[in-house]
Amino acid sequence: MMISNFDAFQIANQSGSELDNIRIKNFNIFQKKGFPSKKEENWKYTDLKTILYNNLHELELPNHEIISKYNSEWLLKNFEHNQIILVNGDFVSSTFSFEDKEKIKIKPLKKILKDKKDFKKIKDYFTDQQNSLASLNHALVNDGIFLEIEDDYSFNKPLIIYNFFNKFAENKIINNKYFISLGKNSKLILLEYHKAEKNIKYFNNAIHHYSIRKNSILKKFSIDNNLDNSYNYHLTNIKSYTNSIFENFLFSSGSSFIKNEIHCDLLESFGSCFVNAMIFLNKQQHHELKTNVNHKQRDCKSSQLIKSVLLDKSSGTFQGKIYVQKDAQKTNGYQLSKALVLSENSAFNSKPELEIYADDVKCSHGSTIGNIDQNAIFYLMSRGLSKEQAKKMLIEGFLNEAIETITERNIQSLILKLFIDKINKTKFEIDEN
Amino acid sequence: MLDIKNLSASIDDKKILDKFNLKINPGEIHAIMGPNGSGKSTLANVLTGKNGYEVKGQILYQGKNLLNLPIEERARKGLFMAFQYPLEIAGVNTNNFLKTSLNTIRKVRGLKEIDSLDFLKLVKTKAESLKINEKILNRQLNVGFSGGEKKKNEILQMTILEPKLAILDETDSGLDIDAIKIVSEGVNSLRNKERSFLIITHYQRLLDYIKPDFVHVLINGKIAKTGCSELALELDKIGYEEMRASK
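Heads up: the protein sequence lines correspond to chains A and B, in order. Using our numbering, you'd call the opening residue of the first sequence number 1 and step up by one each time. Using our numbering, you'd call the opening residue of the second sequence number 1001 and step up by one each time.
If we strip away everything but chain B, and leave its shape as in the complex, we get:
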């Protein structure tokens, strides 16, 4: 699904990712943990195609060179990122935006455009399962949403767009326990043999609900340690400093 080789990324001459390597197979869930400033969000941004980074190395996504693809092409080919800080976009209606997005992606997949009625039905079902008040989806995108609503809205978009590879950038931060459970259920419901996830988080807590196949510890732009889900528990006890020291 995803094969990252020797990926370096810098911004204003400051190196953030340093010869980073990671391979994700279809159906796998990988968690990346790490202290502040270790490069977690940069990794997510580089994968999604955000401008402003100087990038070296190679990223193969479904066998193709991802770095050559424009942002929207990556999304259309099934890459999805749940934003750490979802943007408030005034004047843009959430449902309209989501419908436009879905139809662009459906077109690439060779599917017919979804009509308004079917779309609203789909949104209703998905929103209910995430315990999102449907009314907010008729409002401007993320404007006036609570922190939890914004994060849930990202997961809603994910469940509707059905990506092949989903990157969750600190989706758990700012969520209460109940919301974490709901969001995790959303992720777990999408889990299948073909779909992969890259979950970026500071805390082990989220991984109680979404069981990863691999846990990587990112320190100074490199993976310092890789293990199974128990590594997260270990980290929770000893902290990143210890991990940095023992490296």
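So here's chain A without its partners, still in its complex pose:
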């Protein structure tokens, strides 16, 4: 697997700051390690090296002379929101019509990377080398989002980050980072909306950092239901401070490859972290969700509910970990993964993990994998529903439990609508045994 034109990229992106050396160093690390493969514990269900090798022989770095255009039809309507638009990973525009602009600092990451002084603020985030994709991202990041929300500011309307990919992304590797931080007593409702043009193959390697200070609330929703044939690795790191709330909801209906990794550090007491997901896969789609909730201090709460439905030849994985450190007494941790595997050719792997070093904690986890209950299909059909209607109703019902965890009504309706559209377009061929 080759990544071409690094030298040209490096020259074009020279900043004269420490970043130049960081790029070269990390690119070398990546060259040595290559893309993650099955040999690594974290990647044992998803051999990225093979997947990329078989599908994208050579990845190019984006050529930024191409203007990033997007189809305005793709923007969500009948839904008041602030927005940031990224096209092929480039920061194109931002509008905060509903907010007090004094309280918000927004910059394209490209500007931060090119400014010696600004870069110092984020320099520490370039040291993480937990896997070769992180190194690759440090070496090749060229844009993204830098957003700071001041203390005591609550957003009036949600912020939607549109992540669009068009035909210019074909065969490219796109590396970006977000840095989003909330000051004390702040609140942000964030919706990340991905959409790729049909049949475009690219690899998006994204690392997102969120910092939620004392008493602040971040509710983050990701809609990954339009990624089509793309390849994606989305790593999300959260730092949560005293009494803060982080709510994450993921709606994914797959793509050729997606791995979502969510690492949440509960750094101070009374923080909460919720990670819920609804995953609906068909055809040959592949999805992996890996969570790592790290309870570092006492009296924090975490909860995870992952519901997956797999059709055709799709495959899914959930690796979920709750880590409770010695000082994290009175931790309350919960995790549940339920999957409906509806075809003989689909597969789901589940690996729940608890690692607990404190002695006064409440932690539980569960995992089930099964098919639709035939008796339930019979019951619904005996009331006049066709088999197809009955199956759809049962699958919707199964996933509803996840949708019901969404605490924002308007976003809940939006996600429900997108999901119903999706399920209505899906052909169901379910093995009945």
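What the hints contain is simulated information worked out from the structure, not anything from laboratory work. Keep in mind the model is a prediction, meaning the values are calculated, not measured. There's no promise every hint is true.
[Unchecked claim] Reference listing, derived: stretches of chain B covered by chain A, where coverage requires no fewer than 3 residues with Cβ under 8 angstroms from a Cβ of chain A:
id, stretch
1, 1011–1023
2, 1037–1050
3, 1081–1088
4, 1185–1196
[Claimed, not checked] Sample of chain A residues lacking proximity to chain B, with all beta carbon distances greater than 12 angstroms (derived):
id, residue
5, Ile29
6, Asn71
7, Lys187
8, Asn226
9, Lys296
All C-beta atoms in this analysis are idealised placements derived from N, C-alpha and C, irrespective of residue type, glycine included.
Use these hints to put chain B onto chain A, whose structure you have.
For chain B alone, coordinates are given in the frame of chain A:
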């Protein structure tokens, strides 16, 4: 309405119904009583179309071969079974399910789809008459319902779907006296010249409230005896064993 001729049904080579015959005319109420394992529920399941049985013989429903019809077609043509053990179906809202069901059936009957407002009005009236707390209908189907609520919910569905032939599979079991009365009133309110009922029960008690035209005693997959409603009283006294012996 229903004409069952020489119906045999087996599951895993075990014969449950054995050349069973029964004819139900429009407007009639037939009760089938019998001991455990005599084939009562199998009869209900075969009529409804449940998979897993090997079936021989003939069932004519409104003059058509019922065994050739898929499950949902039977329901759409007016066949209804109140389940002995109504299923809990997580995530499916009771009202939504019932509305979908009603509209599928209305479509076949050439009626317009009922809109949400009219549907809720209809449900409200029917639920009140069955003394069902309306709130539970906004919950997941049968999830967290008490035993009585589940059974009443079956009868509610019946009164809303207005079937031509209703099969009640041990609807009385697990109900207290008050609930039996309410359920019976529900059944009696639907009673008319065109609609028929097949009531499966262990006990005579239910038949105090729903007066059948015929009572059949099912033993070993066959009707051992047929009589009028007094037969149920007689059975109550002598038990099934005696009936088996006197056969």
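Tested hints:
Check result for the stretch 1011–1023 of chain B against chain A: violated, 0 residues qualifying (beta carbon to beta carbon below 8 angstroms, three or more required). For the stretch 1037–1050 of chain B, the assignment as covered by chain A holds, since 3 residues bring a beta-carbon within under 8 angstroms of that chain's beta-carbons and 3 suffice. Residues of the stretch 1081–1088 of chain B with a Cβ under 8 angstroms from some Cβ of chain A number 4, which satisfies the need for three, so the listed coverage holds. Counting residues of the stretch 1185–1196 of chain B whose beta carbon lies closer than 8 angstroms to any beta carbon of chain A gives 0, which falls below the threshold of three, so the coverage claim is violated.
Distance check for Ile29 of chain A against chain B: the nearest CB is about 46 angstroms away, which clears 12 angstroms, and the non-interface claim stands. Consistency note on Asn71 of chain A: stated as away from chain B, and its beta-carbon is indeed over 12 angstroms from all of that chain's, at 34 angstroms minimum. With a minimum CB-CB distance of about 30 angstroms to chain B, Lys187 of chain A clears the 12 angstroms threshold, and the non-interface call stands. Listed as outside the interface, Asn226 of chain A is consistent with that label: its C-beta sits roughly 24 angstroms from the nearest C-beta of chain B, beyond the 12 angstroms cut-off.
Once the 12 angstroms rule is applied to beta carbons, Lys296 of chain A is consistent with being away from chain B; the minimum gap is 35 angstroms.
The earlier numbered hints that this structure contradicts are 1 and 4.
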